[in-house]
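Chemist: Residues per chain are reported as follows:
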Amino acid sequence: MRTLAFSLLCLISVSSSAMTRIEADTLVARGARAYSAGETATALALFDSANTAFTSPALLYNIGNCHFKLNDVPHAILYYERALRLAPGDADVRTNLELARQKVVDRISELPSFSLGSTWAKIRGGRDADEWSRRALWACLLFFLCLAIAVAVRPRTARRVLFGLSALLFLGTALSIAFAAFRHDELTDDSEAIIMSPKVDVRSEPREGSTVLFVLHKGTKVTILQQENTWSEVQLANGSVGWMPPASLERI
Amino acid sequence: MANLIRTFTAFVLLFIGAQRLSAQEITFTAQVDGNSIAVGEYVKYTISLGNARDRFEAPSFGGLVVVQGPFDNSSFTIINGRMSGSTSRTWVLTATKPGKYIIGAAKVRVGGGIIETEPITIEVAKGAGQQSDPNATQGQSRDPNIFITIGLSQRKAYVGEQIVATYTLYSRYSGLETTKETLPKLDGFWAENVELGDVSWDQQLSTVNGLQYRTAILKRQVLIPQRAGKLRVSNYTMECVVNRSFFNRGTPLEVKSNAVEVTVTELPGNAPSSFKGAVGEMEMQVKADRTQVKANEAIELTVTYAGKGNLKLLEAPDLELPGDLEQYDPKVTDKINVNAGGMSGSRSFQYLVIPRHEGDFLITPLEFTYFDTRSGSYRTIASEPLNLQVSPGDGTAAAVQRPNKTDVQVLGKDIRYIRTGDLELRPTGEHLFGSVAWFAGLGAPALAFVVFLGWRRKREAELLDVAGSRRKHADKVARKRLSDAEIALKSSDRQAFYDALGKALHGFVADKFGLGPAEINAANLRTHYMSYTGGEPVANDYIRLMEACDMARYAPVEDRPRQQLYDEAAALIGRTEQLVRA
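Taken in sequence, the protein lines are chains A and B. The working numbering puts the first residue of the first sequence at 1, with every later residue one more than the last. The working numbering puts the first residue of the second sequence at 253, with every later residue one more than the last.
If you're looking for bench data, these hints aren't it; they were derived computationally from the structure.
Computed Cβ-Cβ distance ranges for the label pairs, DEER-style: (1) A:Q226 / B:T517: 54 to 62 angstroms; (2) A:G38 / B:E535: 51 to 59 angstroms; (3) B:E676 / A:F163: 36 to 44 angstroms; (4) B:V703 / A:Q226: 48 to 56 angstroms; (5) A:E250 / B:V703: 46 to 54 angstroms; (6) B:D674 / A:D48: 14 to 22 angstroms; (7) B:G628 / A:F214: 43 to 51 angstroms; (8) A:L70 / B:T680: 20 to 28 angstroms; (9) A:F214 / B:Q406: 51 to 59 angstroms; (10) A:A247 / B:S629: 41 to 49 angstroms; (11) B:R668 / A:T157: 46 to 54 angstroms; (12) A:T26 / B:V703: 39 to 47 angstroms; (13) B:V703 / A:T52: 39 to 47 angstroms.
Listed next, the in silico BS3-like pairs over lysine-lysine satisfying Cα-Cα at most 27 angstroms (straight line): (14) B:K539 / B:K583; (15) B:K546 / A:K103; (16) B:K564 / B:K471; (17) B:K471 / B:K482; (18) B:K710 / B:K724; (19) B:K546 / A:K69.
Backbone N, C-alpha and C define an ideal beta-carbon position, used for all residues, glycine too.
Go ahead and model the full structure; you've got the sequences and the hints to work with.
Modeler: Next up, the structure:
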C-alpha cells in the first residue's frame, strides 16, 4: 500500500513535469559519454538539463566534477555540497570536495564542535532523509508485528522476549523518524551558501562604505543568518559575522 | 680703456710735441672714463699735467669712495734737446649710494699761478651692480682685510622651510692658505651641503664699503629648521696663513665669522590629517605602470613628489590599498638638486603591488598636504583614483608564491571520476519524509495491529463462550459416556466399562469447572466443590468413586460390583448438577 501510494505520487509528479525519467536518464548517459570524451562543457550542459527536473547525489556530483574540470571551483564546491547534503557519507564526493576546497583561498579554522555532535553525526551517518524514512517504515512495521506476536503468544518467556524486542523496535522507529526529520531539515535548510564572486568585502553594516571587516574569496562557505535590503548577514565557520552585498552568494 | 687713453695721449704728445712743446705750453686736465655709473661700479678719474712737473692736490671726491689709487704715471720725452712730458694721477672711485656726485676741481701750482680743472659730475644710478652685502659690512668691522660672513636667504622661516646659508670669505691678502676650519654648530637644523666643488676665488672682485675684496664661497648649506624659536647658526672659524711667499713665512690669522639667528615660527595648528611635514611648493603624481594585469603579476605603483622644499625629509605615503593587493616596501628614488636656490627636484616611491586575485580594484585617491610657505597655508592635493582590472591568472605564480599552503602537491592529484550507469534519479523536490505515502506507511502497521487486537478480543470472547457451553453440556456429555459404560457393562467388557466410566467422571468435572486434564486431582476438585454450599460430601463421594474407578481401571482389583459403580456415578453427576444449579 505504501509503495503503491509512493509510486502513485511519483507518477503524478513525473507526468506533471516536462521530462520523463527515461529522457533524463538518456541525457545523463549522453553527458557521461561527453565527459569521458573530454567534452566537459557539453557534459555539463547535458547534466544541467537533466537536473532541471530530476536530481540525485550522483548527478550533482557529476555536475560538480564538470565545474571542477572547467576550473570553476566555487560552482564545483556548490554542487559537491549539494550532493553531500543528499548523501553525506559519499566518499567520492568528500574526496573531490576536499580537493576543490584546497583551491579556495580563504582558510577558515572551524570552531571545534562538541564531541557529542560528531558522534551524533556518525550515528546519523551518510543516510539521507528518505533512507531514514524507509528505515522508520520498516522499524514501525516490525514493531507492530512483534507486538502482535507478543500479545498472541502463550508461553511467558517467549512473550517477554518479544515484548523486549518490540520495545527496541519502537526505539528504533522513533530514532529513525527523528533522524529523518533532522536530515529533512538539513536538506530543506538553505541557509548555507557559497561565495561566487572572486572577492567580497564583508562589512560591518549592510551598506556600501561601512567598515570592511574582512575580505572573502570565491568558494568559501558561509551561513546566512538574515537578510536586509538584499544584503545578507553571514557567519563564517570560525564564528565571524558580517554583511555581504547581494549577488555574491549562491545558496547550497 | 685707460691703456688706450694712455697710448693715445703718448701718441698725441709725440706727434704734436714737435710743434707745441716747443712753446712749453702747460696743460692741466681732469678726465673720467664715464660720467654715469651704477652703484658698485667703478669710475676712473685721472688728472694729467702736461709739460710741467709739479705737485697737484687731490680734489674733493664729493662722497665718492676711493677704491684704488692714486696711481702715478709720468712720461717724458726728450727730442732734439727739447723735453716734453706729462704726469698723471689716477684714482678708481666708486659710490655706495645712488645720486649725483661732483668731483671738485683739482688744482696745481705751476710757475706762480694756479691752474684748476673743471669739476666733473658723476651720475650714480641705483644699480644692478654688486651692492654691498650687509653681512659683509658687519663682518668687515672686525678685520677690514679678511673676514668671513654667513649669509642667509631669509631670517624668518617656518619649521621645515628651507634656508640657504652661504659662508663667504672676503680677503684683501694676496696669498692665503687655510690650515683649519671649524664649521658652525647647527642646533635645531637639518643641514644638507650644497656641492660646490673646489673652493676658488670668485672671478669678480667685490666691494665692501669701498674696499675691494677677493671673495670665495667656502660653503653653502641648505638648512631646514626642525623646531620653532630663535635658532642660532654659530660662528664659522677659519685659521689661515696670509702673505706667505718664498721669502716670507706669512702671518697666521684666525678668522671668525659673525653668528646669525633665525626666527622660526611654528606651522599653523590647523594641519589636515594628510599633512606629514612637507613644506615648500610641491606636486604629487600617482602612476601605475599598467592597470590591466593578470592575478599574481606585479604592478609598479609610483608616487612622485616634485617641487621645491624639504623633499629629502618626505616619508613614504601610506597607501590605502584594497585588502587583496599585496604591497611591498617602496623603493625610494631621489632626483633632488641641492643648490643655491635650495632643494628642488623630485622624490618618488615605487611600490611593488601584486594582486593575488582577480577582480576590479579601486585605489582610492591619495591625499597629500604640504605647507605652502608663499601663502602661509596648507594646501592639499589629491591624486586621480586608479582602477586596476585584474583578470584571472594562469595559476602558476599562485602555486609558487602561496606561502602557507603546503598542499601544492595534492593539487597535482585529480578529482575522482564521475558516476556512470543508473544515477537513481528522483524528481526534484520529492521527499519520502513527510509525504502522504510515508505517513500511510507508518500508520498502516498501527492500524493492522489495532485490527489484530480487535480480532483477538473477539476470539477470546468466543473462547470464553466455549467454556460456558462446555459446562452447559457437561451433563449431556457425561450421560453419553455413561451410556457407553452401560453398553460395556452389559457386554461384560471390563476394560471398556472402566475406560468409559473414567472418561465420564473426568470429563464431567473438567467441563463443569473448566479444568485441564492435568488439573483434575483431589485437592482441585475439593476447592471447586467447596465453593458451593453442601458441596463437601459430594466432593468426597466423587473423589472416592474416581479413586475406585481408577483402581479398577489400572489394577485387577474390583471391590464393588460394576452396576453399583455405574449407578453411583449417575447419581453423583446428577447431585453435582443440582449443586451447581442451586
